[in-house]
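So the chains spell out like this:
Number of protein chains: 2
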Amino acid sequence: MSGPRYTELAESLPATVPFVGPETQERARGRPFRARLGANENLFGTSPRAVEAMRRAAAEVWMYGDAQSHDLRQALAARMGVDMQNVMVGGGIDGLLGSLVRLTVEPGDAVVTSDGAYPTFNYHVNGFGGVLHKVPYRDDHEDPDALIAKAAETGAKLIYLSNPDNPMGSWHDAARIQAMIEAVPEGSLLILDEAYLEFAPAGTAPTIDPDDPRVIRMRTFSKAYGMAGARVGYAVAHPALIGSFNKVRDHFGMSRASQEGSLAALDDGAWLDATLARVSAARERIAGIARDNGLVPLPSAANFVSIDCGRDGEFARAVLAALVERDVFVRMPFVPPGDRCIRVSAGPEEALQVFADEFPGALQAARAPAG
Amino acid sequence: MSGPRYTELAESLPATVPFVGPETQERARGRPFRARLGANENLFGTSPRAVEAMRRAAAEVWMYGDAQSHDLRQALAARMGVDMQNVMVGGGIDGLLGSLVRLTVEPGDAVVTSDGAYPTFNYHVNGFGGVLHKVPYRDDHEDPDALIAKAAETGAKLIYLSNPDNPMGSWHDAARIQAMIEAVPEGSLLILDEAYLEFAPAGTAPTIDPDDPRVIRMRTFSKAYGMAGARVGYAVAHPALIGSFNKVRDHFGMSRASQEGSLAALDDGAWLDATLARVSAARERIAGIARDNGLVPLPSAANFVSIDCGRDGEFARAVLAALVERDVFVRMPFVPPGDRCIRVSAGPEEALQVFADEFPGALQAARAPAG
Numbered sequence: 001m002s003g004p005r006y007t008e009l010a011e012s013l014p015a016t017v018p019f020v021g022p023e024t025q026e027r028a029r030g031r032p033f034r035a036r037l038g039a040n041e042n043l044f045g046t047s048p049r050a051v052e053a054m055r056r057a058a059a060e061v062w063m064y065g066d067a068q069s070h071d072l073r074q075a076l077a078a079r080m081g082v083d084m085q086n087v088m089v090g091g092g093i094d095g096l097l098g099s100l101v102r103l104t105v106e107p108g109d110a111v112v113t114s115d116g117a118y119p120t121f122n123y124h125v126n127g128f129g130g131v132l133h134k135v136p137y138r139d140d141h142e143d144p145d146a147l148i149a150k151a152a153e154t155g156a157k158l159i160y161l162s163n164p165d166n167p168m169g170s171w172h173d174a175a176r177i178q179a180m181i182e183a184v185p186e187g188s189l190l191i192l193d194e195a196y197l198e199f200a201p202a203g204t205a206p207t208i209d210p211d212d213p214r215v216i217r218m219r220t221f222s223k224a225y226g227m228a229g230a231r232v233g234y235a236v237a238h239p240a241l242i243g244s245f246n247k248v249r250d251h252f253g254m255s256r257a258s259q260e261g262s263l264a265a266l267d268d269g270a271w272l273d274a275t276l277a278r279v280s281a282a283r284e285r286i287a288g289i290a291r292d293n294g295l296v297p298l299p300s301a302a303n304f305v306s307i308d309c310g311r312d313g314e315f316a317r318a319v320l321a322a323l324v325e326r327d328v329f330v331r332m333p334f335v336p337p338g339d340r341c342i343r344v345s346a347g348p349e350e351a352l353q354v355f356a357d358e359f360p361g362a363l364q365a366a367r368a369p370a371g
Numbered sequence: 001m002s003g004p005r006y007t008e009l010a011e012s013l014p015a016t017v018p019f020v021g022p023e024t025q026e027r028a029r030g031r032p033f034r035a036r037l038g039a040n041e042n043l044f045g046t047s048p049r050a051v052e053a054m055r056r057a058a059a060e061v062w063m064y065g066d067a068q069s070h071d072l073r074q075a076l077a078a079r080m081g082v083d084m085q086n087v088m089v090g091g092g093i094d095g096l097l098g099s100l101v102r103l104t105v106e107p108g109d110a111v112v113t114s115d116g117a118y119p120t121f122n123y124h125v126n127g128f129g130g131v132l133h134k135v136p137y138r139d140d141h142e143d144p145d146a147l148i149a150k151a152a153e154t155g156a157k158l159i160y161l162s163n164p165d166n167p168m169g170s171w172h173d174a175a176r177i178q179a180m181i182e183a184v185p186e187g188s189l190l191i192l193d194e195a196y197l198e199f200a201p202a203g204t205a206p207t208i209d210p211d212d213p214r215v216i217r218m219r220t221f222s223k224a225y226g227m228a229g230a231r232v233g234y235a236v237a238h239p240a241l242i243g244s245f246n247k248v249r250d251h252f253g254m255s256r257a258s259q260e261g262s263l264a265a266l267d268d269g270a271w272l273d274a275t276l277a278r279v280s281a282a283r284e285r286i287a288g289i290a291r292d293n294g295l296v297p298l299p300s301a302a303n304f305v306s307i308d309c310g311r312d313g314e315f316a317r318a319v320l321a322a323l324v325e326r327d328v329f330v331r332m333p334f335v336p337p338g339d340r341c342i343r344v345s346a347g348p349e350e351a352l353q354v355f356a357d358e359f360p361g362a363l364q365a366a367r368a369p370a371g
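Each protein sequence line maps, in turn, to chains A and B.
218 is the number that the numbering used here gives to position 218 of the first sequence; each next residue is one higher, with no gaps.
267 is the number that the numbering used here gives to position 267 of the second sequence; each next residue is one higher, with no gaps.
Keep in mind that the hints were calculated from the coordinates and are not lab data.
Glycine included, every Cβ here is placed at the ideal spot set by N, Cα and C.
Careful, some of the hints might be misleading.
Below, computed lysine to any residue pairings styled on SDA-like, alpha-carbon distance capped at 20 Å [claimed, not checked]:
| hint | chain 1 | residue 1 | chain 2 | residue 2 |
| --- | --- | --- | --- | --- |
| 1 | A | K150 | B | R5 |
| 2 | B | K150 | A | H133 |
| 3 | A | K150 | A | H133 |
Not close to chain B: a few residues of chain A, all C-beta gaps over 10 Å, as computed [to be verified]:
| hint | residue |
| --- | --- |
| 4 | G21 |
| 5 | G30 |
| 6 | R55 |
All chains, please: the whole structure from these sequences, using the hints.
What follows is the structure, given as structure tokens:
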């Protein structure tokens, strides 16, 4: 009795995980975190109207969700001034990225991203046998010119850029991004990950041209709308590209309650505005904590702040470990020079005060030579 | 400006959908169904304890769900007498089938199923370029001997069998299935889809041997537990095979509320027992309606009954169309000779009475020569 025969590609893949979840860490530690500031979740929570919609929908989950996500796609399209045929809803940006990579990347195909950008995108590219070509960040920003040049050089099928950027929090303005779109090489597709867009200043996103085949935008209810656990993202692009998702997607894969919740969240502009104000204030608070400790906070257009810990990656990793030890869940960029930072998600004062209380001790512990 | 370059495989795929959802039909018709009896959803609903758990979780969806589905996998493992390492949770059986096919099937690989069995499995196999070899049903049952013989003949990587069967409702006993497992050819894997198992007589499922590499079981909260819209399925198999899902799965793809709901549903045995009794009575009621119309209901171990409409597929399709016209949502097998039947899901008397009221007229309309 042998086991199943895997594909050659599957045999070559590691069993891996792009991120270790906080629950996994809590089980390993044997105790919960006191401040959950590592996953860029929205600690200010979900619109009460969205919560109420999900509560109502809980009694209706005996029904499959609408396989077309019709009402949600319609509402999103109206909001963005595009047609429903320009919008695909999926299981978070993660799920949509997986489908898009599957549609475009076969073993050996070139894909371009920044060294230190979203690991889950890399996971999908590796998972379909693509070859990642990474360009460095420039002054803690993703570098549109270098990405385009690398794509032209390698004949890349996909170019990934997040704006605002995760994990650094930096951003480019709309004109710079539009110029990047104009420069996409023939046969390449720009994935513009706008997961954090709502937190950014006006003028960060270029106008959507729904007939431009060179770019696909990804947005989500996980961040500004506070619904990470509901798994709802959406993609906006040319109708031909959006239609191609129907070749591979799991048609009945969208949770019914999550669809209802997203629709209600979208309709609660007042809550969104209040959230954005809270996030803005929390960014200031995190920046202040950094400065109180003699450190430099990086400017951020997202719901987190990366704090330059002032030394190298080894030191920042020690700071992070000491914070985790003190029950503060944070994460950090993986790749130099970004890994001189730790990344702290915005949250209410209660959670940030825990961070403020523990950060000095964590820095001290990291500075102390190991016994 | 050209569009993206798709993979050769993606170019070859149609944009398709395994099933048209009832909401899609309702939008096309311009009015809702009065009886939703087509998707084998559980019209008796969800455990109130599960509903309450999802309601509580609604306010917590700002957090990602546990990427390990630890508590749910632990509870499922304990219930089945296996280890957590034998259990993978995913986005319904549909999602798990997609991952499994991705892990094992590359273009040209042989896969064996029954002609008329689950279309979504076929969708996944086609989506990864596999070559489907189909064997006929025998007396409205999937035919284990023919499936095994075809797998040996074609060198199939996967063999699909659902027990109880969808769409016919037929089933084999545990001894027959165990004999099939023993006969799985070297290098093949049997996918035993037990989505409808809870509705079946005791003695339908063979004992789980958690170290047997020849079979993977798929089960779900969509049917007996009444949570189709929550998207929670699970796979049970050898730890090496279960571990391989970590190479390709969307780690943070499970809805937080759905995980909580499933855990509560699993713990509400009284509700499950009551549901099974209701489904059993509803099967009798559907069978009675068939007989009242001079037709033969097929024996069923699932939460639906296939009714032999007494003529060919064309006639049954006309009956189905006439029912839909009368606001009764039902489906039917796609392939002869199964397509002489329509398939009616179990439900409360109110819904079945609508079916009982409209069925005679639908039969009459189908029998009348088209004007």
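Exercise. Over 10 Å to the closest beta carbon of chain B is the bar; see if A/G30 clears it.
Key: The claim stands: A/G30 keeps its Cβ more than 10 Å from every Cβ of chain B (closest is about 14 Å).
Practice problem: For the pair we were handed, B/K150 and A/H133, check the Cα-Cα distance against 20 Å. | Solution: violated, 44 Å
Quiz prompt | 10 Å Cβ clearance of A/G21 from chain B | solution = Answer for A/G21: violated, closest chain B Cβ roughly 4 Å.
Quiz prompt | 20 Å limit on alpha-carbon distance, applied to hinted pair A/K150 and B/R5 | solution = holds, 17 Å
Quiz prompt | Hint consistency between A/K150 and A/H133 [alpha-carbon to alpha-carbon, up to 20 Å] | solution = holds, 7 Å
Quiz item: Regarding the assertion that A/R55 does not contact chain B, is the least Cβ-Cβ distance greater than 10 Å?
Solution: A/R55 not clear of chain B: closest Cβ-Cβ about 5 Å, inside 10 Å.
Going down the numbered hints, you'll see the structure goes against 2, 4 and 6, while the others check out.
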